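Trainee: Sequences and hints are given; from them, build the entire structure.
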Amino acid sequence: MFTPARLRGTEILDDPHADAALALRSLRDIALANRLFGGQRAVAREVYTLLRLYPAGPEPVTLLDVGTGLGDIPVAVARRARARGLVLHTIGLERTPSLAAAAAARCSLAVAGDALALPFATGSVDIVTCSQVLHHFDGPDADQLLQECTRVARMGVVVGDLRRSWLAVAGIWSSSFVLGFHPVSRHDGMLSVRRGYTRTELRDLVERATGCRAGVHHRLGFRVTAAWSPRYRGL
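Quick note: to get the numbering used here, add 32 to the position in the sequence shown (first position is 1).
Treat the hints as calculated values from the structure; they're not laboratory data. Note that the structure is predicted; figures quoted are calculated from it, not measured. Even glycine gets a Cβ: it sits at the ideal position worked out from N, Cα and C. Every clue listed holds true.
Restraint ranges, calculated between C-beta atoms of paired labels, are given here:
id	residue 1	residue 2	range
1	L211	A149	32 to 38 Å
2	R38	Q179	19 to 25 Å
3	E91	S207	37 to 43 Å
4	L199	G145	33 to 39 Å
5	G247	A50	33 to 39 Å
6	T230	D47	24 to 30 Å
7	S130	D236	33 to 39 Å
8	A149	I44	21 to 27 Å
9	R40	G243	20 to 26 Å
10	Q179	F209	38 to 44 Å
11	P172	T128	21 to 27 Å
12	P172	T35	20 to 26 Å
Mentor: Set out below in structure tokens:
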């Protein structure tokens with residue numbers, strides 16, 4: 033009743049040739065929504081769980097955030113990690129140089145690259161995070177994204193996305209006016225929710241694509257997270 037059918041529509045900013053200034057404005061809206069509505073907390077919680085399960089050595093932990101936007105997710109995770117005595121070296125990846133340059137102000141390093149062919153060696157990063165990116169891909173591309181994240185990660189992968197619900201659609205619509213979101217952010221945000229996942233859908237997608245057993249959880253703010261380790265493929 034409260035879960036609409038999943039859409040496969042195209043968001044305005046899915047176009048790689050979208051106006052750069054408009055893309056940056058929308059990313060600021062997304063960063064605000066992540067901070068207020070649980071996107072940052074959801075990913076951070078899963079990262080901390082991985083760090084407890086697979087303690088790192090004395091070197092800083094490397095964290096790659098795929099589709100990092102303005103780098104708000106990795107910077108929030110790193111800030112909270114410092115409060116726990118952990119040092120994270122954050123790497124943000126965006127698809128265009130202009131967006132990567134915007135993320136560089138927050139991440140330790142930012143690079144432009146293809147999420148479906150990550151420019152990193154196998155097992156070269158401790159943790160890979162991917163927040164609100166997966167729903168932009170369908171079919172073989174969605175599988176490829178998850179496989180690339182798993183290939184690069186040494187310790188684990190965390191995917192955060194939106195939990196599909198009519199209540200979430202209504203929430204993003206109404207809050208976008210209060211928060212002064214750009215109309216494009218409102219349009220894409222509502223469509224993003226309609227392209228989101230139920231917990232079962234996300235678990236099945238991850239396990240089919242990667243062969244890894246994923247822990248999948250509902251989080252506050254109509255978020256859903258999946259976390260897994262390449263070490264336990266096929267278990």
